[in-house]
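Protein sequences appear in the order of chains A and B. When you line the first sequence up against the numbering used here, it's residues 1 to 558, in that order. When you line the second sequence up against the numbering used here, it's residues 1 to 220, in that order.
Keep in mind the hints are simulated off the structure, nothing from the lab. One should not assume that every hint holds.
[Stated by the list, open to error] Pairs of lysine-lysine residues, derived as DSSO-like cross-links and limited to a Cα-Cα distance of at most 27 Å, are as follows:
(1) Lys29(B) x Lys304(A)
(2) Lys152(A) x Lys4(B)
(3) Lys154(A) x Lys112(B)
(4) Lys332(A) x Lys200(B)
(5) Lys2(B) x Lys304(A)
(6) Lys29(B) x Lys340(A)
(7) Lys317(A) x Lys127(B)
(8) Lys152(A) x Lys122(B)
(9) Lys114(B) x Lys156(A)
(10) Lys129(B) x Lys65(A)
(11) Lys463(A) x Lys473(A)
(12) Lys319(A) x Lys108(B)
(13) Lys127(B) x Lys65(A)
(14) Lys317(A) x Lys134(B)
(15) Lys14(B) x Lys435(A)
(16) Lys473(A) x Lys42(B)
(17) Lys112(B) x Lys34(A)
(18) Lys531(A) x Lys468(A)
(19) Lys482(A) x Lys42(B)
(20) Lys154(A) x Lys187(B)
(21) Lys15(B) x Lys10(A)
(22) Lys199(B) x Lys69(B)
(23) Lys42(B) x Lys206(A)
(24) Lys154(A) x Lys29(B)
(25) Lys156(A) x Lys119(B)
(26) Lys200(B) x Lys114(B)
(27) Lys200(B) x Lys219(B)
(28) Lys10(A) x Lys114(B)
(29) Lys4(B) x Lys332(A)
[As the list claims (entries may be wrong)] Just some of the chain A residues that point at chain B, by a computed CB distance under 10 Å:
(30) Arg112
(31) Gly116
(32) Lys156
(33) Asp159
(34) Ala211
(35) Pro246
(36) Asn333
(37) Arg490
(38) Asn546
Ideal Cβ positions, reconstructed from N, Cα and C, are used throughout, including at glycine.
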Amino acid sequence: MNSSLGSSIKYIKTDILVIGAGGAGIRAAIEAKKRELETVLLGKEVLGCAHTGMAMGGMNAAMVKPATPKFHAQITIEGGYFINNYKMVKVFTDEMPARVYDLESYGVIYDRLDNGEFYTWAGPKQKYPLNVCVGDYTGREMMQGLVDEARKLKIKYTDEFFVSKLLTVKSQVVGAIGINIRNAETVVFQAKSVILASGGAGRMYKVTTNAMSNTGDGYAMALDAGAELIDMEMVQFHPTGMANTPSSLGVLVTEKTRAHGGILRNRKGERFMNKYYPKEMELAKRDEVSRSIYLEVAAGLGTKNGAVYLHVDHWTKDKILEIIPDVYEQYKNTGVDISKEPMEIYPSMHHMMGGIKINEWGETIIPGLYAAGEVAGGVHGANRLGGNSIAEGQVFGRRAGIAAAKFAKKIKNIPLPKNQIKNEQARIFSFITRKTGVIPHAVEDKLKQVMWDKVGIFRDEKKLIEAKKAITKLKLEAKKMKTRTTLKERNRDLQDCLEIENMLATAESVIEAAILRKESRGAHSRTDYPKTLDVWRKNIVVKNNNGKVVTKVIDVIT
Amino acid sequence: MKIKFLIYRFNSQKKSKLKYDFFDVPYSKGMTVLDVIAYIYKHLDPTLAFRYECRQGICGTCGVMLNKKPVLSCSTQIDSTRQTQMIEPLANFPVEKDLIVNLEPVLKRYLKIKPYLDKIHKVIITKKKSNESKAFRKCIECGCCIAGSPELTKKSFSDLDPMSLVKIARYVTDPRDGLNRKSMARKAGIDNYSDDLGKKLTLVCPRGIPIDEAIKLLKQ
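The following block holds chain A by itself, in its conformation from the complex:
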């Protein structure tokens, strides 16, 4: 059977190819489809089950006065420690209310007040509340609306499909190649423009809130195609991930919990945020609360699970079930009744602020390549405000869809690069056909440990250099990975191999940028450079130069 592996290739031609079927990807596909262009949407997971659906608390938009887009922009930039792309922030916050109504027309019903006005709640820095929500499963309802709309518009899609490489001709993206996860069938998509909306890279950390599919595929493929990444050192740790059982480790507990009066205490029952941020307390910014919890546990004041307590047991059960029904369920499923006892929580890798460098239309420096959502960078700067992620995906998803459609209308399909296709197919199937090799999950486990231990909440030169060396070694090991089965049907090891290579490329970018930024800013906390420096009010750009990662420092785009 092995001899036939990867021998045949299926070719599909389209105008626009959208890679990633989360919030940004589906939004982009809707926009492209509306422009009567042939659009194909690809997702690694079953349609509707992308990581966007895991978002809980809400989505920021200036829907209710006195909040204004200007206020939203101001706190986004303050929250991002002034290295956000100001142009992107402006269009994001200006257009967000219209995107909220779009979702409503797709079927989403936001929580309301008695008078019909949006129910909004205030996250960190929100003097005026910005979070519109649906219980504590806002992302899931958003996905439902988007999927419903995609079905209504009859958008073509293939789910459980893994794109492994962007195809380029003379530095222009002309399509992509990948495999169907069901049967390892190789498919080549020829497209006039390609939108990358493949999400983040949480799985490269041992503890993460992210879904399994978030393996940095987009960062790796964009680097490979010649695009630039920005702010990759900025990795957000959400302060409150579940920490009471190994199975639930890292699973998200929404910020909405603290915003509605959830209280953090250490093992001794002390309300420790007093020590660190007496003014903001539990509603300090995410990077600040995460560091506080880290320091508390490091000082020996954590629980026996190495966590701290988050209390809502002083709320009425009705309030718990109205405000955070899913958090209640998540703990109930692990045997904890949060109306009677506290939750155990610890920071969990949550979000990549950085990503593919785009302008406010989702354009990259590579013709034909667009990006939106978590895979893109710039709008969040050094720290993302809760509620801004699933939100900005809607704005830039739509914009990328418009820009990609415009580009596609202008050009003709370019003949595909046969050699790239052949080589990529050989790379994919080498993981199956080589005689002996390394077990993929052995490489993955080491990567996760390195990132968690050395590229985490607090960083320093020594740890980062060690991490860099470790990743270099793991990249060599990864070249020798070998699937434990030669089956073509649902070969999970094969998918792991491809994802691990992507995670390693992403990790390398994060580490290079983290070594270069010799200051502390937002999510990037250097114990050897603890101060925030004005000279570093800059962005770091990462690029691939003939297989070598190169960095440069650029001025903030204002």
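Add chain B to chain A, keeping to what the hints say.
Frame of chain A; chain B shown alone:
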């Protein structure tokens, strides 16, 4: 302590013979069904096929039958008092491979009920109105309700499965939708659902959707 798990094995592409494999899995406190499956894949059999994404009970892709009952594998802990247990793919779905079911027939059926807001009437939604559909909007399309309906015959199923009827109820309670959804439900066979079956399905749903109330509503 080890627990013996019987795991359903089948590969439709290879038209393999259906069988059950035995695996001894070391039990640890708090272990979920997903932990068991992942342990087997990682340490005992790399050919085992299964789906999961979020570990949060929200993506809806990890449904399986645990001892003949449909559950989300990430959100269900193992009962350590049972020495031998069984994990199978969701019932009432064709099996693609091992614990992975083929979702296509269900989705095909689903599309027939127009699972989207249609002919939108613009109405301001009050809290009261918005809350009427809230319970039905919690559906994550995991298929557990479909797997938990052995009473339904193939015929009644092909017309209206519980996932579809919940979606219809979601639109009936949404003042913006302009289709005659109740007549759609009647034609599709809502009368095949007894009150008792409704109550049973409500207990099966991992999202706690009151499927019995949806049935009552659509029968009105």
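Right, here's what the structure says about each hint:
1. Distance restraint check for Lys29(B) and Lys304(A): the Cα-Cα separation of roughly 15 Å lies within the 27 Å cut-off, and the hinted pair is therefore satisfied.
2. Between Lys152(A) and Lys4(B), the direct Cα distance comes to roughly 46 Å. Violation of the 27 Å bound is thereby established for this hinted pair.
3. A C-alpha spacing of about 13 Å is found between Lys154(A) and Lys112(B), which places the hinted pair at or below 27 Å, so the restraint holds.
4. Pair hint Lys332(A) plus Lys200(B) holds up; C-alpha atoms about 21 Å apart against a cutoff of 27 Å.
5. For the hint linking Lys2(B) to Lys304(A), the alpha-carbon distance of about 25 Å falls within 27 Å, and the restraint holds.
6. For the proposed pair Lys29(B) and Lys340(A), the alpha carbon gap of about 21 Å is at most 27 Å, so the pair holds.
7. This hinted pair checks out: Lys317(A) and Lys127(B) have alpha carbons roughly 20 Å apart, not beyond 27 Å.
8. Among the hinted pairs, Lys152(A) with Lys122(B) is consistent with the structure: their alpha-carbon atoms are about 18 Å apart, no more than 27 Å.
9. At roughly 17 Å between alpha-carbon atoms, Lys114(B) and Lys156(A) fall within 27 Å of each other, so this suggested pair holds.
10. For the suggested pair Lys129(B) and Lys65(A), the alpha carbons sit about 23 Å apart, so the restraint of at most 27 Å is met.
11. Between Lys463(A) and Lys473(A) the alpha-carbon distance is near 15 Å, which keeps this suggested pair within the 27 Å criterion.
12. For the given pair, Lys319(A) sits about 39 Å from Lys108(B) by alpha-carbon distance, which is inconsistent with the 27 Å threshold.
13. For the proposed pair Lys127(B) and Lys65(A), the alpha carbon gap of about 19 Å is at most 27 Å, so the pair holds.
14. Between Lys317(A) and Lys134(B) the alpha-carbon distance is near 19 Å, which keeps this suggested pair within the 27 Å criterion.
15. Only pairs whose Cα atoms come within 27 Å are accepted, and Lys14(B) paired with Lys435(A) is accepted, the gap being roughly 24 Å.
16. Between Lys473(A) and Lys42(B) the CA atoms are separated by roughly 23 Å; this keeps the pair inside 27 Å, and the hint holds.
17. For the hint linking Lys112(B) to Lys34(A), the alpha-carbon distance of about 22 Å falls within 27 Å, and the restraint holds.
18. A threshold of 27 Å between alpha carbons decides the hint, and for Lys531(A) with Lys468(A) the separation of about 23 Å falls inside it, so the pair holds.
19. The hinted pair formed by Lys482(A) and Lys42(B) meets the criterion: a straight-line CA distance of about 14 Å does not exceed 27 Å.
20. For the proposed pair Lys154(A) and Lys187(B), the alpha carbon gap of about 24 Å is at most 27 Å, so the pair holds.
21. Restraint check for Lys15(B) and Lys10(A): satisfied, since their Cα atoms lie roughly 23 Å apart, inside the 27 Å limit.
22. Taking the CA atoms of Lys199(B) and Lys69(B), the gap is near 15 Å; set against the 27 Å cutoff, the hint holds.
23. For the hint linking Lys42(B) to Lys206(A), the alpha-carbon distance of about 16 Å falls within 27 Å, and the restraint holds.
24. Among the hinted pairs, Lys154(A) with Lys29(B) is inconsistent with the structure: their alpha-carbon atoms are about 46 Å apart, more than 27 Å.
25. Distance hint between Lys156(A) and Lys119(B) is fulfilled; the C-alpha atoms sit about 22 Å from each other, no more than 27 Å.
26. Simply put, Lys200(B) and Lys114(B) have alpha-carbon atoms about 26 Å apart, close enough for the 27 Å limit, and the pair holds.
27. Between Lys200(B) and Lys219(B), the direct Cα distance comes to roughly 17 Å. Compliance with the 27 Å bound is thereby established for this hinted pair.
28. With a C-alpha separation of about 31 Å, the suggested pair Lys10(A) and Lys114(B) falls outside the 27 Å cut-off, and the hint is violated.
29. The hinted pair formed by Lys4(B) and Lys332(A) meets the criterion: a straight-line CA distance of about 26 Å does not exceed 27 Å.
30. Given the 10 Å rule on beta carbons, the hint for Arg112(A) holds: about 4 Å separates it from the nearest Cβ of chain B.
31. With 10 Å as the threshold, the beta carbon of Gly116(A) comes within range of chain B, its nearest partner Cβ sitting at about 5 Å, so the hint holds.
32. For Lys156(A), the shortest C-beta to C-beta distance to chain B is roughly 14 Å, which exceeds 10 Å, and the interface hint is violated.
33. Taken as an interface hint, Asp159(A) checks out: its beta carbon lies about 9 Å from the nearest beta carbon of chain B, inside 10 Å.
34. At about 4 Å, the closest approach between the beta carbon of Ala211(A) and any beta carbon in chain B falls short of 10 Å, and the interface hint on this residue holds.
35. The criterion of a C-beta within 10 Å of any C-beta in chain B is met by Pro246(A), whose closest approach is roughly 7 Å, and the hint holds.
36. Annotation: interface hint on Asn333(A) holds; nearest CB of chain B at approximately 4 Å, less than 10 Å.
37. Because the closest C-beta pair between Arg490(A) and chain B is about 4 Å apart, less than 10 Å, the hint holds.
38. Violation of the interface hint for Asn546(A) is found here, the shortest Cβ-Cβ separation to chain B being roughly 35 Å, above the 10 Å cut-off.
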